[in-house]
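Heads up: the sequence lines are chains A and B, in that order.
Take the first sequence: its position 263, counted from the start at 1, is 263 in full-length UniProt numbering, and no numbers get skipped.
Take the second sequence: its position 149, counted from the start at 1, is 149 in full-length UniProt numbering, and no numbers get skipped.
In case anyone wonders, no lab produced these hints; they're calculated from the structure.
Do not rely on the hints blindly, as some may be mistaken.
[Said to hold, decoys possible] Pairs of lysine-lysine, PhoX-like flavour, derived with a Cα cap of 20 Å:
| hint | chain 1 | residue 1 | chain 2 | residue 2 |
| --- | --- | --- | --- | --- |
| 1 | A | 380 | B | 100 |
| 2 | A | 141 | A | 76 |
| 3 | A | 380 | B | 115 |
| 4 | B | 124 | A | 380 |
| 5 | A | 432 | B | 100 |
| 6 | B | 125 | A | 380 |
Because the structure is a prediction, the values reported are computed rather than measured.
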Amino acid sequence: MKLKDFFTPTLIYRIALGVSFILVIGVSIVFHIQMSSLNRSVDLISDSNKKQFDLEKITSEIIQRENTLRSFIITKDSAFLEDDLKVKRNIFQALNAIKEKLPEDSEDYEHMEVLTSLIQSRFDNFEEILLLATAEDTNTKLLNLKLTEGSEKTKVLRNTIYSLIDKEVNKLKIHNINHRYDIETSTITAFSLTIFVLVILLFSLSKVNTDYQQAQKLNKELNFANQIADNAEKVAGISHWKINVKTGKYFYSDNFFRIMGLEPSSQIVGPEHFTPFIHPEDVDEILKIHEESMANKTASSYIYRIIRPNGEIRYISSTGDFTNNTKGELVKIGVSIDITEEYVSKLALEEKNISLVAINAELESFNQIVSHDLQEPLRKIQMFISRIDDTESATISKKGQDYFEKIRTSANRMQNLMIDLVNYSRTIKENKVFVKTNLNDVLSDVTQELALNIEEKKAKVKIGKLPKINIIEFQIHQLFVNLISNSLKYSKEGVTPIIKISLEKIDFEDRFNDLVFKEKKFYKIVVSDNGIGFKQEFSEKIFMLFRRLETEMDYNGTGLGLAICKKIVENHNGFIKADGIPGTGAVFTIYLPK
Amino acid sequence: MIKEDQKPVHILLADDDEDDRNFFNDAINDLKIANKLTLFKNGKDLMDYLENPDSILPDILFLDLNMPCKTGNECLKEIRLNPRFKNISIAIYSTSSSEKDIEETFVGGANIYIKKPNDFSKLKKVLKEVVNLNWQFHTSKLNKDTFFFSI
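Work out the full structure, taking the sequences as your base and the hints as a guide.
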C-alpha cells in the first residue's frame, strides 16, 4: 500500500484533530502554570511592598518617638508621652508581621532579627533618656551623652532599615522583571500555540473540504454514469443482475423491472418474487437450470418467456456466470435481454425458411417434371416421327408431309425449350461450388460440344489466352455454349462467321450503369461476332426471359439462352452487357470478379 | 447376315414403357447382330429371372431407372451385391440426364449411362456401339466422363 493511499483525507483530518486537541490541552496546562507563577510573583510583589511600607512606618515611628521624647525633655509636659506605649507596640507588631512571613533560617529573617535587636536597643536608649530626663537632678552631661548615643543609634537603625528597603526594592525589581517576562512568555506561547492550532485546523479543514468537493464531484459523475448506463439499458432492452452467493442478496438493475413491465425497484427482492412472472410452461425448467447453476457454480444461459402484469408475453434471454467481487465474495453476475422482437422475427424467419425449403423442393420437382416426365412423351413423339420418316414418308401426300414437317419442327422446338428451362432452373439452384478453373479448358470443351454446329456453319472460333477464375464450371460452360450458339444462330447469310473470345484490358470507358470497373478486381472477357447484330436499344431487352428480338428471318430460339447467360454471370457476382450494330455484329462483354 | 457360328449376344432390357421396349427390340433386330434379347416390364420381373439359378446370365443388361415395383437403382444395387453377377455389364438406359442419376449409378457400379435418344436412327447407332463395345477395355479406363455415353 502506498503512503498516499494510507493517508486518506479522513485519517489526516482525524490526526489533525487529535494533534490540535493535545496541543490545546498542553496550552491550557502551560497557561495554568504560567498563571499560577504570575499569581505567585504578584503575591511576592505585594509582600515586598507591604514589607517596605512596614519598614518605613517603623522608621517614621522611631523618628516620631525621638521627637516626642525631645519635646518632653524640653517642655517636661507628660502629654507628649501619652502614646508612647502604643507606638512601641505598633512597631513590634509591624516587625512581627514581617518576620512571620519569612522562613526562620533565611537571610531576611536574620536581617529582621538584627533589626529587632537594633530597635530594642534604641528603645532601651529611650527609656534611659526618659529616666534621666524625669530625674530630680538631671545629669545633663549623661543626658547629652545618651542623646548623642540615641541619635547615633537612630542613624544606624535608619541605615539598616534603608538598606533593607533597598534590598526589597532590588528584589522587587527582579520580581517585576520576572513577572514581566512571565507575562510576555505566556502571551507569546499562548498566542503562537493558538495560531499553530488554528493553522492546523484550517489546513485540515481545507483539505477535508477539497476532498469532500472531489468526492461530491465523483459522486455526481458516478450518478451520471449510472444514469447513462440505465438509459442505455432502457434503449437496448438490456438489464443486469447480481446474486451474492455468500450473503444471498439479489440485485436487479432498474431496467430489469421495466422489462418485467413493473416500476423500477418494485417488490422484487429475490427470485421467489420473480418466478410468478415466468410463463407457466417455462418456470420449472428455468428454476431447475438456475438451481443447478447455483449448486455447481457453472455459467448458465437460457431463453424463457415472462408474462407482464398487463398479460403481454415477452421473450427473455438470460446469461450469467460466476466471478469474485471486490471483497472476494463469489457473485453470480448476469444479463437479461428482452429479445421478443428478434425472437419473433426469428420465428417468422424460420417459418419463411421452411416455406422456402418447400418452394425449393417444389421447384426441384418441377425441374424433375420438365427434365424427365415432360421429355418422356416428347421423346416418344420424336421417336415416332423419325420412324414414320424412315418408313412411311413415301406413302404420305404432299400436304401430309408439310404438316408432318411442322410437327417435327414444333417437337424439336419444344425439346429445346425444355432443355433451356432445365438449364435455367439449374442456375437458380443453391449448391454453388466455386472451383479455380482454366477458362481455356472450359472453352475447348464447349467448342467440342458445338463442333457439329460450328462445322455446319463453317464458322471460325478464335479463342485467346484466358485466365484461371473461380467459377461454377458447368454454369460457365453453359454460358459460353449459349453465347457461341447465339452467335452461330444469328450469323449472316453468305459470310463466314467469325467468333472471337478474348481477355481484354479494362479501360476508363468500362462501366456498367454507374459502376466503374477496376482492372484490379475484374476480368473482362469479350465475345464478339460478325453476325446480323442488333439495334443498341435492345441491348438490355435481349437478356430478359422469353424476350426475342424481332428479326426479318425466323430464327429458332427459345428466348431463354441469354437470360440464362445473365443469370450465370450474376451467380458469379459479375456483369454482362451487349452491344450491337445491325448488319455488323454483336459484342458481349462479361466482367467476372478476380 | 447373321452368322450361325457366332455366339449370340445375350441382352436383357428392363423398361416399364411398352413403346420403348418395342423401339429397343426393333433397333436390335435391325442391327444384324446375333443376339438373344429378353424384355422385362419392371425391376421385380428382372430380379426374379436373374435370381433363378436355372437362368442363363446375360452379357449386357439395359436398365431403365424409373420403374414401378423395383427401380433401376435398386436392381443395380442388388446385382452388384451378388458375386454371381459380376460379369454382367450394366448399361443404364434412361430419359433422365440429371447429374444426380448419373452420379448415383456411377457410384452404384453401372458400366455405362445412355440417355434415351429421340431419334430412331440414333438409337440404332447407340445400341450398335454399346453392344459391340470392348467391355474390358471400357471398364478398365472407366471414369465419370467416359461413363456418360455420347455419340
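Exercise for review: Against the earlier hints, flag every one the structure doesn't satisfy and list their numbers going up.
Suggested key: Per hint list: single violation, 1.
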